[in-house]
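Top to bottom, those sequences are chains U, F and S.
Start counting the first sequence at 899; every next residue gets the next number (the numbering used here).
Start counting the second sequence at 32; every next residue gets the next number (the numbering used here).
Start counting the third sequence at -19; every next residue gets the next number (the numbering used here).
Please keep in mind that the hints were generated in silico from the structure rather than gathered at the bench.
In this text, all values refer to a predicted model and were calculated from it rather than measured experimentally.
Treat the hints with care, since some could be wrong.
[Unchecked claim] Take a look, some chain S residues computed to stay more than 10 Å from chain F by CB distance: (1) -7; (2) -1; (3) 4; (4) 111.
[As the list claims (entries may be wrong)] Calculated cross-link-like contacts (lysine-lysine; reagent style PhoX-like; alpha-carbon spacing at most 25 Å): (5) 952/U with 901/U; (6) -12/S with 924/U; (7) 901/U with 36/S; (8) 110/S with 924/U.
Using N, Cα and C, we set each Cβ at its ideal position, and we do this for glycine too.
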Amino acid sequence: MEKLLWAFIIGGLICVIGQLMLDGLKLTPAHTTSTLVVVGAILGGVGLYEPLVKFAGAGATVPISSFGNSLVKGALKEFESTGPIGVLTGIFQITSGGISAAIIFGFIGALVFKPKG
Amino acid sequence: MLKGHQTWVFETKPTIIASAAIGGPYEAKGPLASDFDLLHGDIRLGQDSYEKAEQKLQEQACETAIKKAKMKKEDVQFLLSGDLINQIVPSSFSARTLSIPFLGLYGACSTSMEGLSLASLLIESKFAKNALVCVSSHNAASEKQYRYPTEYGSQKPPTAQWTVTGSGAALLSDQGEGPKVTASTIGRVIDMGLTDPFNMGAAMAPAAVDTLEAHFRDLDRDPSYYDLIATGDLGRVGHRIAGDLLKKHGLNIPEEILTDCGILIYNEDQPVVMAGGSGCGCCAVTTFGHFLNRMRKKELRKILVVATGALLSPMSFQQKESIPSVAHAVSIEI
Amino acid sequence: MSIKKKKKLTPTQQEYQQFAQEREPKRPILKNCVKAFVVGGIICTFGQVLQMFFIKYFHFSQENAGNPATAVLIILTVLLTGLGVFDHIAQFAGAGTVIPITGFANTIASASIEHRTEGYVLGVGGNMFKLAGPVIVYGVFSAFVVTLVVISFRALGVM
């Protein structure tokens, strides 16, 4: 139960940070999400994102910042097991599922749906 | 005849013998619905794409206007039309269907008055007996091109406007009955360095003010000459800015006669409309439908329509360019 | 960057921009933040419920449960986008739908669906990443740089 509460709060707070970037800094959604991904990558690199995931669960893994963290995590893991080339081969390891799903179901969407305007 | 620096006075007074306004589902829910000749419930008009739908809107507006004048396509010497889509494809393809000698125009949302000015010039100079002006916009086609895919979930700010899905056509002639075009002021491009594509009103207001000043200066006329002065699509935000800017520049236009097509076309409580309507079609359907109907009923005798256009492209915005604007004013009298 | 731009503006332009800004309806930042917090929170909570569901009934580990949960969120987003509902929720929620993985899925789904009229290869295939591209490009590039920095620091004994 507590896990659900923290997922709600932390997830909500990350979205508020995004909203402040959209409305306060007047950034576009693309600029906002790109910035948060980079922040996620940096936090992942210094080891601060994983504790957040342990604490907030989906509150940290559902926001797009977790994408940056997963990219770094994958690269480091593969580097440790296969050496320098692992930096390139490991980047998409963990995020592969999400990207593949988005492409596959996005394409299916285009087959099935027409835009409503 | 040229009067002043940038105004044409039409001594033969070309007559708008017929006009037509076609609209989409959102316009059907607005307060001007009864001034449309045809309203569509399907935003795609049964076509495969939004662009083809906009082409159909133009064809319908042109054909309706010609029919109302009891003329045939062959009686019209020239078609002056434009829209917002890349390479004005809906206008060009509609001209293909109509087979009338074609002059394609681009002035963004100022195209309706640009077209009306040039068509009047053709009639006045006796280079045409009948000239048809047609201008359109389509909400989904414009959103797709200028901003985001229509199903994209971005939050529009309160300064954003809603592009009108509609087409307006006016058939001008050197003879016949109807409201007459008496003068036209061609505007300069004004750029105040604004860069927000979600706030067109603020970008276009200075151009409207500049053209209005030029109009009254060239003709040595007072704003009270008119029963109504309407800007094309400044919306609630731009209208307010223009009103204050006019006062600041010392041009006194009474508030009761200054209005905006973008404000009139939708009810304030219609969702996603935000600051009001926009697009070439906005000024066109409001002027060629609502205003001309009121003139025919003698409710309005002299009006000045100032269509405003924001001359940006999706790429110019990405290349960090600002948004220049232009406004053209046409006076119509009965 | 905005300061640099202001320097290139003439005094008249600067004066007008100030004039216009005073007359602009302000974005309801506080209201938007509350809406973003609530909707974003709900989506993340739903994600958490999904993860717990997959762990309990499908025997996923704590580590891997994120994957099917993400996939479900993506499928739901594509569905809502295609049905024309997602953009209305997004107008209300703002960052609440943009920041979670739903935002990413919506950029891909909306672009694919929109450009169908240009054909499946150039239209759908060519435009699918129109809006999602920046996230992937900057994510990968920054992850690459961060990884190199981390590896160097570790080698130098700093980390």
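Verification of the supplied hints:
no.	hint	result
1	-7	violated, 4 Å
2	-1	violated, 7 Å
3	4	violated, 6 Å
4	111	violated, 7 Å
5	952/U with 901/U	holds, 10 Å
6	-12/S with 924/U	holds, 20 Å
7	901/U with 36/S	holds, 15 Å
8	110/S with 924/U	holds, 20 Å
In the structure shown, a violation is registered for the earlier hints numbered 1, 2, 3, 4, in ascending order.
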